[in-house]
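From first to last, the protein sequence lines stand for chains H and P. Heads up: the first sequence at position 12 corresponds to 1076 in the numbering used here, and the numbers run straight through without jumps. Heads up: the second sequence at position 76 corresponds to 688 in the numbering used here, and the numbers run straight through without jumps.
Just so you know, the hints here were simulated from the structure itself, not pulled from any lab data. A virtual CB, placed ideally from N, CA and C, is assigned to each residue, including glycine. Any given hint could be a false lead.
Derived list of chain H stretches under chain P, where covered just means 3 residues or more per stretch with a C-beta under 8 Å from a C-beta of chain P [stated by the list, open to error]: (1) 1128-1141; (2) 1145-1151.
Cβ-Cβ distance ranges computed for the label pairs, FRET-style [unchecked claim]: (3) Leu712(P) with Met1211(H): 42 to 48 Å; (4) Arg699(P) with Pro1149(H): 29 to 35 Å; (5) Lys1209(H) with Gly705(P): 41 to 47 Å; (6) Val679(P) with Ala1165(H): 27 to 33 Å; (7) Phe1072(H) with Leu637(P): 50 to 56 Å; (8) Phe1109(H) with Ala703(P): 18 to 24 Å; (9) Phe1109(H) with Arg715(P): 48 to 54 Å; (10) Ala703(P) with Met1211(H): 19 to 25 Å; (11) Arg699(P) with Phe1109(H): 48 to 54 Å; (12) Val679(P) with Val1071(H): 42 to 48 Å.
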Amino acid sequence: MPDPLFVFIAALTLGACCLLVASRNPVTSAMGMILALVGIAAEFFLLDAYFLGVLQVLVYAGAVMVLFLFIIMLLDVQPPGGAYPWKRALAGGAAFLLLSAAAFALLAPEGSLAKAAGPTPPELAANPESYATAAKAFGRSLYTKYMLPLQMAGLLLLLALVGVVTLAKAPKSAD
Amino acid sequence: MESTTLAHHLLLAALVFCAGLTGVLVRRNLLVTYMCLELMLAATMLALVAFSRFNGTMDGAVLVFFVITVAAAEVAVGLALIVALFRRTGAVGSDRLDSLADR
């Protein structure tokens, strides 16, 4: 039996996913998305990845979703007319949640997934970067083993910035 | 944490990924499709952190850091593309983007 906290967080996350997929109003979808991302951040906390959980809430649930909501309100898209297919949505959501519960009940305790976690392989045991919760551990990894990817990430952000400025220009200058 | 195994976390990640995939396939509003795409990325991040935690290494967690960076850049560019598309066609429905269709 898993941790009750895990069960609660998993149910919350999956329910929020259903809300995101099933809602016709984009703002409601965005709210479901925020809830799902906060649920995943809570999962990170359960996995002792506190720094990543905080980062997830700040960057994803904060900055990215605010951007999404801005664009949703800027474009002001009207939801399509017609009656909402309640039966289909409810059946789909219930089927998804039931299948999820069945998957957890059947696969998790003695499924092949659980057996996969054997003793630590030697190449992992020799890894100098053992799992740590402090943000300091990230800094050490980022500035030693992952120095080049870090530089590339900076370059990527710069390129994305330039690309967005180019895209956001008035289209008249382009034609 | 005691009895929650790696399998539980991986299953949750897989289910969230499936929900995102369903959304990408089913929804026609490009903004919602894009949010579902982000949900799929978040699910893979959960799997990475779970593997990292249960293998006792830092690498998966550091990879998540890069995934968050790339996802943030991707969201900025993708939303700019959607806004440019809206300016041109006046709609954000993927079913309205049929100018290349043979009719």
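Do the hints match the structure? See the list:
| no. | hint | verdict |
| --- | --- | --- |
| 1 | 1128-1141 | holds (count 8) |
| 2 | 1145-1151 | violated (count 0) |
| 3 | Leu712(P) with Met1211(H): 42 to 48 Å | holds (43 Å) |
| 4 | Arg699(P) with Pro1149(H): 29 to 35 Å | holds (31 Å) |
| 5 | Lys1209(H) with Gly705(P): 41 to 47 Å | holds (45 Å) |
| 6 | Val679(P) with Ala1165(H): 27 to 33 Å | holds (28 Å) |
| 7 | Phe1072(H) with Leu637(P): 50 to 56 Å | violated (29 Å) |
| 8 | Phe1109(H) with Ala703(P): 18 to 24 Å | violated (40 Å) |
| 9 | Phe1109(H) with Arg715(P): 48 to 54 Å | holds (52 Å) |
| 10 | Ala703(P) with Met1211(H): 19 to 25 Å | violated (45 Å) |
| 11 | Arg699(P) with Phe1109(H): 48 to 54 Å | violated (41 Å) |
| 12 | Val679(P) with Val1071(H): 42 to 48 Å | violated (26 Å) |
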